[in-house]
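Novice: Following the hints, position chain V against chain C.
2 protein chains.
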Amino acid sequence: MFKITALENGLENVQGFYCGATNVGMRTNPANSGLSELDGDVAFIRSEVPCDISAVFTSNTFQAAPIKHFQNYPQGFQTDFVLINAKNANAMTGQKGIDDINTIMHTLHNKIDVLNPVMSSTGVIGYRLPLEKITSAFSKLDFQGKNSHLAARAIMTTDSFKKELAYKVELEDGSSFNIAAICKGAGMINPAMATMLCFVVTDANVPKTDMDTLLTASTEQSFNRISVDGDTSTNDTVMLLANKTSGTYDKQAFSEALNKIMFELAMMILRDGEGANKLVSFEVKGAKTVEEAQKASRALSNSLLVKTALFGEDPNWGRIASTIGASGIACDDETLTIHYDDLLIYSGAYRELDKVREEKAYTIMKQAEFKVTCDLGLGEAAYTSYGCDLSYEYVKINAEYRT
Amino acid sequence: MFKITALENGLENVQGFYCGATNVGMRTNPANSGLSELDGDVAFIRSEVPCDISAVFTSNTFQAAPIKHFQNYPQGFQTDFVLINAKNANAMTGQKGIDDINTIMHTLHNKIDVLNPVMSSTGVIGYRLPLEKITSAFSKLDFQGKNSHLAARAIMTTDSFKKELAYKVELEDGSSFNIAAICKGAGMINPAMATMLCFVVTDANVPKTDMDTLLTASTEQSFNRISVDGDTSTNDTVMLLANKTSGTYDKQAFSEALNKIMFELAMMILRDGEGANKLVSFEVKGAKTVEEAQKASRALSNSLLVKTALFGEDPNWGRIASTIGASGIACDDETLTIHYDDLLIYSGAYRELDKVREEKAYTIMKQAEFKVTCDLGLGEAAYTSYGCDLSYEYVKINAEYRT
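Top line first, the protein sequences correspond to chains C and V.
For the first sequence, our numbering gives the first residue as 2, with consecutive numbering after it.
For the second sequence, our numbering gives the first residue as 2, with consecutive numbering after it.
Only chain C is shown next, with the shape it has when bound in the complex (with noise of 0.2 Å):
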């Protein structure tokens, strides 16, 4: 038995680790975030001792400058600094992205001792990092802070709101360890990770091998299962640092608190999709594998039809039925129903919509969340993503954001 405890704020909840941010003035053109010129853009996360580091990044064959200066570590090395800025993704700029990371970080040599740091960067292709600004955030940190709020902010591009979570673990002996995160992420969001950054901390003493288990488990079961607009980016990661000074771990415990902080962190991601306003569930079951379950699950969340008909508060079940008949799977339009919350909106004998489940229906899409079961009738595998409307607001949003 164990107990999991939300705590206030972020970062600062965990022993050992400290965090921040600054600005280094990459913020010229901060219209469509709530962000200001003045909020940080650099940011940073540092451990007092060496830690074990676990990462799950992009599926995108294009992996930015920083994912690649990562993986250039030794298999199984420790770290205790991650560097992160905002405005700028460090990708696609070849050799001279991944030696721009190494000057950075020979210039934070030169300012604190630090082991094996890594970085982690967000914001737009194709440019070359400034590396004078960036350098310059190095007298102005505070290594010494825990300012959990602060890096938040600092991560953030278009996102609305700052997104930080924290839990605390009490195992029945008494003992405990705490575990918190902080993440980013509004548009792009594809089941199959998305223009996303999340960086996990903690003082249980989780062995390195959980570690990379149980942060795929947990990728799988989060990140890749939220859609706001189905692409994939160059910079996608999700790191965990473990400094295990609590001396505790239960695996059992400590996966469901991580499982927890990373659906929350991906829930959290979706209600901030870009112009959306509603977070829908899909989920398909009565499928023949889960493989067909995921495909169909998927496609619904990723549907432009769908999408606007969620914006459009339109109950008509037609966009649902033909995007699974479109995903390529078995399926049969006599064995199907399909649910919105408790509600049949449709199955074979029950076809038309008529006017007072109509109204019903109506009702349940106002809600700011709700879910949408499609039972194939077929076999029983199930797969559940997650997505949100398309409003005018995401056109806007990605047709002005780039600097």
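No lab work stands behind these hints: they were computed from the structure.
Zero decoy hints are in this set.
Which copy is meant is left open, because identical chains are indistinguishable; a pair holds if it fits in one copy or across any two.
Heads up, simulated EDC-like pairs for lysine to aspartate or glutamate below, C-alpha to C-alpha not over 20 Å straight-line: (1) Lys69 x Asp333; (2) Lys97 x Glu335; (3) Lys97 x Asp333; (4) Lys252 x Glu171; (5) Lys69 x Glu335; (6) Lys361 x Asp342; (7) Lys209 x Glu257; (8) Lys252 x Asp213; (9) Lys286 x Asp333; (10) Lys134 x Glu353; (11) Lys169 x Glu9; (12) Lys97 x Glu353; (13) Lys97 x Asp355; (14) Lys245 x Glu171.
Specialist: Frame of chain C; chain V shown alone:
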């Protein structure tokens, strides 16, 4: 040698075919189209003599009732009548949807002698056809009329303009045949058909086997290469009717004329993409296989981020590169080059966009049509698909479209 000449108007150019349309009161809310309540909603195409017919239908598993009704005829059947309605797709209506078509055709038989009549529908999914309204058309339609304009307008849904084309094909020996078509489609156009209907008629003496193979090949070169929003409808249909009355045929000439008429109609659909202002071709070349080139090209024409960047006229190539990388094909940022029209905008050696090139790119993107060429530099295979931008108007149309 042969000569293909464009003709005025549409289907009336092909001898032996009649066509027209009437209004039976289904257009109760024509807000989003260029139509009024008085425009036609039921159209027909009729031939004096039995025609061979070939068709290509949607790959959506939930094929609409008219498609199933068509497929109930024996292989190689002949027909002399096509009935088309807008506003109601007769999709996901089960066996009753097919029974409804049989009822309609029974009424038609009482009015006029027809052979194996086929039907085609477009509109909202999940509602039974209004039988009385549709059969009321039969006393209003002029079955001896030749009004292609009326028919082309009557099949429109969210289209903002009618689509009809006709060509005369003259062979070296002085003989000739004609080919003509009407078409509808605007939204939901996907590389893999679309919510589109296309009816091609010809008096060429084309053998049935050539009809089948050439229609499939032409569809692959035209409607399967365009994308408005990546969805595939339940009703997509391309039909070719040949009455053979000219007695004239040349395979190469016919193939070219068919390709030409279908490609031009596909481009008309794309230009009429819901809320779209720009037509962009995405050529991916230098790929290892055609499948990979196709996958990347389609990813580009379907990407929301690419579409919104087109709408915003943002010359940043980062979204193009990121989308190629996300498509899962073999690619390398050192060998990749990207051109907008003839302007090199990215290469491994030249990554950052300077002001001069950015201005040139901006000028190119302001055009109503332009070309994006991505050379992967890895092989010889190529594929081109066609897309359009995503505007506020798309969201508005699709949030509001239903009845």
